[in-house]
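Chemist: Sequence:
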Amino acid sequence: MELESEVKAIVLDLDGTLLNSQKKVSERNRKAILECLKKGLKVIFATARAPRSVKVFLPHELQDIATMIYYNGALVVDNALGYRKHYPIESAITNEIIEFVITHQTDACLSVESEDTWYSNKTLDYNKTMNAVVNPIVVPLNELKKVSASKLLISQYPHYEKLQKQFAHKVSTLCTDAGTLTQIMAKGVSKERAVRKICTQNNISIGNIMVFGDDWNDLELFYTSGFPIAMGNAIPKLKDAAYFITDTNDKDGVAQVLEKLICTVNNS
Numbered sequence: 001m002e003l004e005s006e007v008k009a010i011v012l013d014l015d016g017t018l019l020n021s022q023k024k025v026s027e028r029n030r031k032a033i034l035e036c037l038k039k040g041l042k043v044i045f046a047t048a049r050a051p052r053s054v055k056v057f058l059p060h061e062l063q064d065i066a067t068m069i070y071y072n073g074a075l076v077v078d079n080a081l082g083y084r085k086h087y088p089i090e091s092a093i094t095n096e097i098i099e100f101v102i103t104h105q106t107d108a109c110l111s112v113e114s115e116d117t118w119y120s121n122k123t124l125d126y127n128k129t130m131n132a133v134v135n136p137i138v139v140p141l142n143e144l145k146k147v148s149a150s151k152l153l154i155s156q157y158p159h160y161e162k163l164q165k166q167f168a169h170k171v172s173t174l175c176t177d178a179g180t181l182t183q184i185m186a187k188g189v190s191k192e193r194a195v196r197k198i199c200t201q202n203n204i205s206i207g208n209i210m211v212f213g214d215d216w217n218d219l220e221l222f223y224t225s226g227f228p229i230a231m232g233n234a235i236p237k238l239k240d241a242a243y244f245i246t247d248t249n250d251k252d253g254v255a256q257v258l259e260k261l262i263c264t265v266n267n268s
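Numbering of the sequence shown is given in the numbering used here, commencing with residue 1 and proceeding in unit increments.
The set of hints was computed from the structure by calculation and includes no laboratory data.
The model shown is predicted, which means the values in this text are computed figures rather than measured ones.
Accuracy of the hints is not assured; some may be wrong.
[To be verified] Heads up, simulated PhoX-like pairs for lysine-lysine below, C-alpha to C-alpha not over 25 Å straight-line:
(1) 146 to 187
(2) 197 to 38
(3) 85 to 146
(4) 55 to 38
(5) 197 to 8
(6) 146 to 165
(7) 8 to 239
[Said to hold, decoys possible] Pair ranges (Cβ atoms, derived):
(8) 6 to 90: 36 to 44 Å
(9) 138 to 247: 39 to 47 Å
(10) 188 to 117: 19 to 27 Å
(11) 92 to 201: 29 to 37 Å
(12) 205 to 139: 43 to 51 Å
(13) 263 to 162: 45 to 53 Å
(14) 263 to 237: 28 to 36 Å
(15) 203 to 86: 20 to 28 Å
(16) 263 to 106: 54 to 62 Å
Glycine is no exception: its CB is placed at the ideal position from the N, C-alpha and C atoms.
Please model the entire structure based on the sequences and the hints provided.
Modeler: This is how it looks when you write it as structure tokens:
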């Protein structure tokens, strides 16, 4: 792999990418990211997770200096620029989707993320099913419909294609985690759009971005960034679109590439 000194920023997914199977950031990965920061590279973390989860899994020293993209782009925070933007789903659309889901599966497990609070229509151990930090607040379905949703989640939903076809003109949808989790955001919301906005504010071209990812919610970024890096454990579609395929998240695949990048920056 040849790395050029054109890289100005790195974008890191968390689950399946920076985090290992134990949901930890290895010491090697941590050091590599901090070294990138010292070299003047902008660091952006882009995740489907909520802020409360990121606070648990990401070392504080990394949280303090990086730009954060939560909920696949529905919430963007850049403390260095004093920038914060939230893109919720319209309440009427959330209501419509919930009605559609329940019509096709009466026992569907639905949950709504509203900025940094989580609500669900069922009592489940989400720590096991979704690697959650805490379980959601359980509310009746009619209350769930009223929540201003940063993201709507449906677990183990077998009618994803029907839902996507029905609401493609109203929301952005993803099916991740090996097909077990349907994620719904406001129309146009994606990691790619959030990264583009951050790049514009920092006068960085999207072609100068290095992106690390493993799942479907990283695909748009892979198509548009200059240096898309797929993890060894990534889905095949991501590997097909990659500039380079690194090692797995359990073998410091992120650090292996960043260490080479750091050497390139040193020699430029």
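Chemist: All hints, please: hold or fail.
Modeler: Each hint tested on the structure:
no.	hint	verdict
1	146 to 187	holds (18 Å)
2	197 to 38	holds (23 Å)
3	85 to 146	holds (21 Å)
4	55 to 38	holds (22 Å)
5	197 to 8	holds (15 Å)
6	146 to 165	holds (24 Å)
7	8 to 239	holds (22 Å)
8	6 to 90: 36 to 44 Å	holds (39 Å)
9	138 to 247: 39 to 47 Å	holds (40 Å)
10	188 to 117: 19 to 27 Å	holds (23 Å)
11	92 to 201: 29 to 37 Å	holds (31 Å)
12	205 to 139: 43 to 51 Å	holds (44 Å)
13	263 to 162: 45 to 53 Å	holds (50 Å)
14	263 to 237: 28 to 36 Å	holds (30 Å)
15	203 to 86: 20 to 28 Å	holds (24 Å)
16	263 to 106: 54 to 62 Å	holds (57 Å)
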